[in-house]
Amino acid sequence: MRVVFFRNLLFILVIFAMQSQFAQLSKVHYIPPIAAHGASDSNAFPRDQYIYISTPSENNVNYTIAPMGKAAEDYISGVVSNSTPVITSIGSGTTSFAIANADFYAGRTVNDKGYIITADAPIYVAIRLRASTRSGGSFPQAGALVSKGLSALGTSFRSGTFTSESPGANNNSANYLNFISVMATEDATQVIFDNLDKSLDLISIASPPGAGTFSLTAQLERGEIYLIAAEADDALTNRDGLIGISIESDLPIVVNTGSANGSFHNGSGRDYGIDQMVGADKIGNEYIFVKGNGSNGWENVLIVADQDNTDIFLDDNLIPITNLAKAGDYYLIEGDNFSNAGSNRTLYVSSSKNVFAWQGTGTGSEANQGMFFVPPLSCQSQGEVNNIPQIDYIGSSLFSGFVTIVTNQTASVTFSDTNNTNKSADDSSFSGGVLVTGPESVQGADYKAYILQNLSGNVSINSTEQLYCSYFNQNGAATSGGFYSGFISAPE
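Quick note on numbering: the sequence shown equals residues 0 to 491 in numbering that gives the first Met the number 0.
Treat the hints as calculated values from the structure; they're not laboratory data. What you are looking at is a predicted structure, and each value in this text was computed from that prediction instead of being measured. There is no bait here: all hints are sound.
Within a straight-line C-alpha distance of at most 30 Å, the following computed DSSO-like cross-link-like pairs (lysine-lysine) qualify:
id: 1; residue 1: 325; residue 2: 281
id: 2; residue 1: 26; residue 2: 281
id: 3; residue 1: 69; residue 2: 26
id: 4; residue 1: 352; residue 2: 197
id: 5; residue 1: 325; residue 2: 197
id: 6; residue 1: 281; residue 2: 352
id: 7; residue 1: 325; residue 2: 352
Simulated DEER-style distance windows between Cβ atoms:
id: 8; residue 1: 120; residue 2: 395; range: 23 to 33 Å
id: 9; residue 1: 408; residue 2: 76; range: 38 to 48 Å
id: 10; residue 1: 107; residue 2: 408; range: 49 to 59 Å
id: 11; residue 1: 70; residue 2: 351; range: 50 to 60 Å
Glycine included, every Cβ here is placed at the ideal spot set by N, Cα and C.
Use the sequences and the hints to build the structure in full.
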């Protein structure tokens, strides 16, 4: 009897491990909308927008894209398989995903924005877009959001955006906009936004007079959203005042947060920094960051405390770099701290209590930056990413494709793209101009990192141990990306 019990227990644990390693693979994806600056003089006007769906399944998987507020005949259905990812155009300007005229929607419950995407087998879902002025021309901005699947569901969050630093004499924060967007996954959901500074000048939401903080409450049905947005130019507090906002609900919700546009630096460059996050039940106190190809001013790490009196440590240092006294406080780790870590491309961050973490990364100038929500280290984050579809494109526009990989020191890593099949990341020769940096050891942790550059087509990554994999791509002044693995959820 005891043998049978332990066999059954082992079987359950194995199944859980197999399911949790593909946490961002899910049969259900909730996609709240984002907000973007839609003024006539803004270059952040959302233009080309696409939903990317992929799956590890070699068989056809049926999927349905349901725009909120639309009739069933307006739903988009089809099939996807591993060899044939699906790229669906969802329009330009204000769509179910991007709200260009944020002052029309902010501050009230909305039932006709966002998507719920379902499938009869687990799928990856991401949205990529390009932005420019309303009149068209070049596309200086881009952004991407990678759905966290059922990992995204939670009841306690703290938001993150670009810091939108001092605009200086040239008014460089023009068309910076920060936002928080939530979607209910069940009827009769109460959401409370707390720790909002009274000096915030929110779009369509009046702040109470006086000093201190205030809260907002929204009642939502399944699929309804509530949006908070602030233009950086409207008040000094607006620049970083939506960082660390407490978002609590009595039933599971999904949260998108970020900036469109914004920056972690104080120059004239800007870009989209948007992503979907996970709740406080899935964050941690150990993170590893891999530096992209940008400069120190915007290759930054944003840490937000979830609890009072949180110490932050870098690498293997025993003395904290800072203490975050209150929940919701944040610390921005500048890019020059990466150089403390053996090589100059990795950074190990630990904390005395669990924290939320974002990373700014990109290529070239300040105009080439994105912001990703980063998963904590977890022994359950294992397996593969199969696949990241058309890594070198947004729609029909060609982008340079990059992947960053973090895994255990003893792990073996392989990758595939259009020109390479199951190539070891430690090989010395690759086809198609792919460049591999690494492995680079992480100071303070028994991990290593790789950076793969010039990838093309559908990309898959496999590790024999833990795997934390993000992608980003770049074209001109535009950069987008996000994490495809590392977030854990219970099996579906």
